[in-house]
Structures are given as structure tokens and as C-alpha cells.
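Since the structure of chain A is already known, use the hints to place chain B on it.
Chains as they are written, first to last, in the numbering used here: chain A, -2 to 243; chain B, 79 to 587.
Calculated directly from the structure, the hints in this document are not laboratory data. Cβ atoms here follow ideal geometry from the backbone N, Cα and C, with glycine treated the same way. Careful, some of the hints might be misleading.
[Unchecked claim] Pairs of lysine to any residue, SDA-like flavour, derived with a Cα cap of 20 Å:
| id | chain 1 | residue 1 | chain 2 | residue 2 |
| --- | --- | --- | --- | --- |
| 1 | A | 230 | A | 196 |
| 2 | B | 129 | A | 243 |
| 3 | A | 44 | B | 314 |
| 4 | A | 123 | B | 341 |
| 5 | B | 129 | B | 168 |
| 6 | B | 388 | A | 20 |
| 7 | A | 123 | B | 340 |
[What the hints assert, rightly or not] Residues from chain B shown here face chain A by an in silico Cβ test under 8 Å; the list is partial:
| id | residue |
| --- | --- |
| 8 | 171 |
| 9 | 174 |
| 10 | 176 |
| 11 | 179 |
| 12 | 308 |
| 13 | 312 |
| 14 | 337 |
| 15 | 340 |
| 16 | 357 |
| 17 | 362 |
| 18 | 376 |
| 19 | 380 |
| 20 | 383 |
| 21 | 386 |
| 22 | 504 |
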Amino acid sequence: MVMTIDAAGMYYRDLNKQIRIAIEEGETEFVLNNINGQRYIGDAVEKKVKITINGTPGNDLAAFMNGPSIEVFANGQDGIANTMNSGEIVIHGMVGDVIGYGMRGGKLMIKGDVGYRVGIHMKEYKKQIPVIVAGGCAGDFYGEYMAGGIMVLLGIGCSDDKPITGDYLGTGMHGGVIYLRGEVEDHQLGAEVAVLEPDEKDMKLITKHVTEWCEHFGYDLNEVMSKPFIKLKAISSRPYGNLYAY
Amino acid sequence: MAVELSPVSQIPAEFRVKVDHDRCRRCKRCVLNCSFSAIEFKDKVTPDHRKCVACHRCATFCPESAITIEENPMAYKDNANWTARIRQNTLKQAETGGIILTGMGNPKPYPIIWDHLVIDACQVTNPSIDPLREPMELRTYLGSKPNYLEFENDENGKIKLKTQLAPQIKLDIPVIFAAMSYGAVSHNVHKSLAIAANKMGTLMNTGEGGLHEDLYPYSGRIIVQVASGRFGVHNQYLANSAAVEIKIGQGAKPGIGGHLPGEKVGQEISKTRMIPVGTDALSPAPHHDIYSIEDLSQLIYAIKEATDYKKPVSVKIAAVHNVAAIASGIVRAGADIVTIDGFRGGTGATPAIIRDNVGIPIELALAAVDQRLRDEGIRNQASLICAGSIREAADVAKAIALGADACVIGTAALVSLGCRVCQKCYTGNCAWGIATQRPELTRRLNPDVGSQRLCNLLTAWGHELQEVLGSLGVNSIESLRGSRERLRGVGLDKETLDILGVKPAGVGM
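With the rest of the complex left out, here is chain A (with noise of 0.2 Å):
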């Protein structure tokens, strides 16, 4: 069964709160129509259940999520995937700041632009790889303090004068890999980050995930893939190993 949910007006605790207790009692599928930024949707929730959404959610969308899949038909707000565990978003739209903010595992597929501060201190641990594929352009801070996990920026749609991701792109970065479909300028890059090449592995790992998302958003693979990628890594695993006397 699906459950639809009339959104329109909804106090968003009222509304998490059903939603709560419908998955309790067995729920699976859920349709939430005219959401107008209720916040904290799929917070926490740990069973592999559907959500749809229509209509843009608020901010906090999936904090500390575990395991559900979210298809958001709409753009979304700033702090999506917080913390987030396991479980996939797809966002047929552009999203704001601070998304994937110390993700852990499960996927984001976004079709548009992201905000500043995208994929801050995204971790990875044992199989849980986190990854994060936008179409659009970032805002600075992308990757900042990255740990681990798999971003992927594919600059669709961005002005051909101005760079696909803004500055301070990896600042800290010490794991984890990001793949750019385009040029960025040294000046835009954390200290801790160099350029490399991607390899027939890193094309791989790319194909893999374009594809995906080419299928969510109906974009053709081929010609998404025939621009070159970059690849960003961490220069070392301990940047700060030598600031402290011991």
C-alpha cells in the first residue's frame, strides 16, 4: 500500500510524526504531496521504506537517515543528507548549502546546482562509500575536510567563463576522491589537494555513477561523458601531521 499524505499546511512535526508511526505500523511507500519546507523529512529513519515528494522540503531532509530512498520532485533546501547513514536521494532540482554535511554511506543524485559547503567532512567506513552526484555547478568549500566517499561534479548548464565549483575546493581533504567534468584554476584549491589525471579504474568508478544519474534525470550517457574529468585526492592522509610539538 501507499500512503498519500495532503502536505498543504502541515506542522512539521505532525507531519514526521505520522510518518513515524505509519512506518512502525508496517508502511512501506509513502507519497507526500504539497510539502512547502517541512523540515527534518526522513530524519532518522532507519527501515528501507519509499518516500516521494512533491513540492520542495525544508531543510535537514534525511539527517541521520538509514536506509530509506527519497525522490524529491522539486529542488530541495540547505542540509540535505546530514549525517546520513545508508539510503538514496534523488532531487529532480537544484539543492542549497551544506549537503552531505559528514555522510557516511547511501547515495545523493542531484540533477542541478549545489550550494557552498557541499560534502563537508564526508567520511567513508568499510563498505559504506558515500556519493554524491550533482549535474550542476558547487559553491565554495566543495569537499572541504573531505575523509572519504565519492563526489562527483558534472557542470551542466554552468556559464562557460565561470569555473564548475567555487574556491577553497577540498580545503583539508585527507581521503576520499572528487571527480570534476571540467577545469578548475590552482588558485580555487585547498593546500591539501592535487590534480591527477583519472584513470581507466577512476572512468570506471565515473561510468558507473554518470550512468545512474543520466538515467534518473533522463540525460544522455554518451554526451555527458565526452567531456574530460579531473580527478581531485587528498596530497596526504596526515595534512596536519607536522603543525604540533610533541
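This is chain B only, laid out in the frame that chain A set:
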């Protein structure tokens, strides 16, 4: 180009280890016990003075009491301005070019305000109470309290509470164990704290290192921390807690982040923090999703949603000059508990420059926050926890009289477990098995023995607090809270007394 330095360090030994060879039985126990490799055996016990940190492990375990440790009298020519510590640090920086790292609390001789406050006592007109005969209540409840209570009659005509109370935590003694992460301290320390908190009806705090599965059985007595690095934070972690604490700041390192070096991230730490073995655990100074009170409120409510509004959410900040306004914002942002950590608070590792020079004394911060929240009429909306060098039960009594609901002890708890405050926590070589992850050292602390020592400490403090309450003629710790009239200042200037809201000794009502 880097200039190669002489392999011989210019830093003189801080201490001298003296061995009485007439008494020494050559059992080598000291050699085995010294985790800093300061004692060798070459025909006889031979100290390497430069490596000694004065942790007392060798002397404690010498069956003949043949070892003594002294300050090195030859180290530096006496100078009140260019202290030995300053000269030693200069040499260390000349040799390394690094930030001086240190552990535990601020050792500088700033005035300790607790020691300039005295507790009043009852005499003839109001009699004191005999705590040996009369019940004395140390129980307190942490959590947001309503502005007023409403009652209604149930179907049987009995009166019951109508007001929905925010989640509360019952404390049998208003002393909580401080946030010390698994990583900074050993697993056996965490276990000792958890067992003792459970037995004594109080709380321990995971710090920002995650919660090891072994401690899940004690989860009803554990505050779990969510800090900027979000290490080990997941839904189960939030669920297995008595309360969730958002760590914004820490007294020993206000405004700066933390850093557990990769070499300390072994198998178990990796599992608990949920990061690969050997990677650096960097916690940036700010949470990059919190740049305002509104952002903080967003995280508070994200956590409340995640825990179904069943657990109090605490926010911990360092004591800084504007702390009263900040605390007011935090309470309005929805926190159920505010923890204020003073500049004498301890730590596993911090730059000495921060620890020794940044932040303000907890006594002033606490009094300022309590007063501000009262003035604004929101003091009931959050519990106040006082942290940062609570050394003895008297400090607890004074803090509660200044407005705290409960106090936090970190260093005091570790000292009860054997810590000698040698301040070398950051080296990971702790000889007492406390601030280390080396297996051969961590097993020196037995969690059953450790928890018993902690229980004894709290039991003793409990008795002492009851004695103080008796002397004041009150029979519950809640009657002492915010009761500044029962304190008097000795040797404090007028401004300090004004901030504390305390009269000088000799002034009556």
C-alpha cells in the same frame, strides 16, 4: 632550505629520577612500568632523566620505595619572568617549529575564585540540620522545566498532572562525568565511567569519539556527543543515550577544533568512530552546518526529531566573555541543558597557548549566565551544568549556590583512577592506562576496580555535600541552587563580587 639541527636536544631534563641502589632489589618492576622509556636496566636501574614526566608509576610500584622523583634543580637559573616552562618551550619550538601541544587543564597561577568564596552556615536563629540523622536530598532532575504546572482530575476523581513535561534525567548526585572521548582515553576508562555512572545514578559522556558497543548496556546513563566531526554518530548511537549533547566549545580549547592523530586510530577506535584505521580524525573548530543560533536550533530539532522528542538535548559551550548572551540564545534555540565549560577545564590534547590564555573562569561565566537567564525569565527552560576544573565537593556546592543544576568532573575522575596530572595525555603513553590506546598499558586499569574508585569518590563527595547542606540548614540540594546569599567573598574586588552576585564576607543580609 632546511638547516639540519644537531641530533642532541638542548632541552634539559625537567625531572631527576633518583634510585637508592642500596635498597633496590633489581626486580626491574620500574623498568616494566615506565611507559615513557625513562628507566633502563644496565647492570643496575639507570634512569634517562630527560624522558621522565613525573607520572610516579615507577615509584608507586617499587616494592622497596627506592625511587624518588625531583624537579631538576640544575635545569634553569631562577627567573620569575623567564620561567623554566617558557624557556623549555622556546627550545622545543626552536627544534621543531611546531605548536606546543599539551594535555589536562591550565596550570597557570590565575586566581581561583572558588577558593575566594566561603559558604555561610546556620547558628542559633536558624538551626543547622544533622545529616547523620535527617534525610538529605541530593537528587536533581536535568531537563527543561515548564513555566507553570496544570493539573486535572482523572476519571476516578484523582488529581493528576496535565502539563506535558519535557524529558527529564534523574540524577542521584549532581555530579556528572565529563565528556572524554574513546580515543583520548582508553576503553577501560570509558567502561569504568559507565559502570560507576550506572551504579551511582549519574551520567557519563562519550565525548566525540562514538560509543563502543560494549557500553550499550549502560546507555540509560550515557550522554552521547555530536561534535563537528560527527565521529561515530548514527541513529543507533543517538538512540542509545540518556541525552544528546551538541558540542560547540570546550573550556580547555575554546574556539578551536580537535585532532586525533591517525596513529591512534586502531582497530577498535576505527570501529567506534566509524573511520578507516590510521586516518586522522579532524574535528574542525566550527560545525560547518552551524554559523548562527538559527542553525544551532536546526540541529537541536534534527536531533529531537531523530530521538522522537524523548531525550533532552544539551549544548556545551566554552566560557567566553559574552557567554550570557550566547546561553540565552541557546536556550531560546530549544536546548534542554546548557553546559558551560570554564578555562581551567581539562583535555587530552590542545595547543598550550589556547589552554593557558583563552577563555574565562567558570565561576564568572556561570554566575553571569544564571543571572541573565533569570533576568529574561527563561532560567527554568534549561538546566545549567557547570564544568571546568571542579576539583572537590566544595567546588560543587559553590557552583550550585551560584546557579548550577549539576557539575561535571573530568580530571577529578581521572585522578581517582590513578592519573598523576603529568599532562602528557597527548603522547598516548599514559603509564596508568588512562590516556592511551596501547594494549599493554590499557590493561593496567581494571574497569571493576576503576568503577569502584569512582563510586567511592562520588560517595565521599555525596557525604560531604550532605554535611554542607546540613551546615546551611537545608535538606535538599535544590534548595541550595542559585542561593547566592549563602556565599560570601573573601579577597575579591567589587566588580568580581558584582558579577558573582555575592556579598563580601562580613556583610549581613
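These are the hints, each one checked on the structure:
At roughly 13 Å between alpha-carbon atoms, residue 230(A) and residue 196(A) fall within 20 Å of each other, so this suggested pair holds. Only pairs whose Cα atoms come within 20 Å are accepted, and residue 129(B) paired with residue 243(A) is accepted, the gap being roughly 12 Å. Distance hint between residue 44(A) and residue 314(B) is fulfilled; the C-alpha atoms sit about 13 Å from each other, no more than 20 Å. Taking the CA atoms of residue 123(A) and residue 341(B), the gap is about 18 Å. The hint holds against a cut of 20 Å.
Our distance criterion of 20 Å between C-alpha atoms is met by residue 129(B) and residue 168(B), whose separation comes to about 18 Å. Proposed proximity of residue 388(B) and residue 20(A) is supported: the alpha carbons are some 18 Å apart, at most 20 Å. Among the hinted pairs, residue 123(A) with residue 340(B) is consistent with the structure: their alpha-carbon atoms are about 16 Å apart, no more than 20 Å. At about 6 Å, the closest approach between the beta carbon of residue 171(B) and any beta carbon in chain A falls short of 8 Å, and the interface hint on this residue holds.
With a least beta-carbon distance of about 4 Å to chain A, the hint placing residue 174(B) at the interface is held under the 8 Å criterion. Hint status for residue 176(B): holds, given a least beta-carbon distance of 3 Å to chain A, under 8 Å. The beta carbon of residue 179(B) is positioned within 8 Å of a beta carbon in chain A (closest approach about 4 Å), and the interface hint is therefore held. Interface hint status for residue 308(B): upheld, as the beta-carbon distance to the closest one in chain A is roughly 3 Å, under 8 Å.
Nearest Cβ of chain A to the Cβ of residue 312(B): about 5 Å, under the 8 Å cut. The hint holds. Proximity of residue 337(B) to chain A holds as hinted, the smallest CB-CB distance being about 7 Å (cut-off 8 Å). Taking 8 Å as the C-beta cut-off, the interface hint given for residue 340(B) holds, the closest approach to chain A being about 6 Å. The interface hint given for residue 357(B) is met, as the beta carbon of that residue sits about 6 Å from the closest beta carbon of chain A, less than 8 Å.
Taking 8 Å as the C-beta cut-off, the interface hint given for residue 362(B) holds, the closest approach to chain A being about 6 Å. Against a cut-off of 8 Å between C-beta atoms, the interface hint on residue 376(B) holds, since the closest Cβ of chain A lies about 6 Å away. Checking residue 380(B) against chain A by beta carbon gives a least distance of about 4 Å; that is within 8 Å, so the hint holds. The closest approach between the C-beta of residue 383(B) and any C-beta of chain A is roughly 4 Å, which is under the 8 Å cut-off, so the hint is satisfied.
For residue 386(B), the shortest C-beta to C-beta distance to chain A is roughly 7 Å, which falls under 8 Å, so the interface hint holds. With 8 Å as the threshold, the beta carbon of residue 504(B) comes within range of chain A, its nearest partner Cβ sitting at about 7 Å, so the hint holds.
Comparing the model with each earlier hint shows no violations; every hint is respected.
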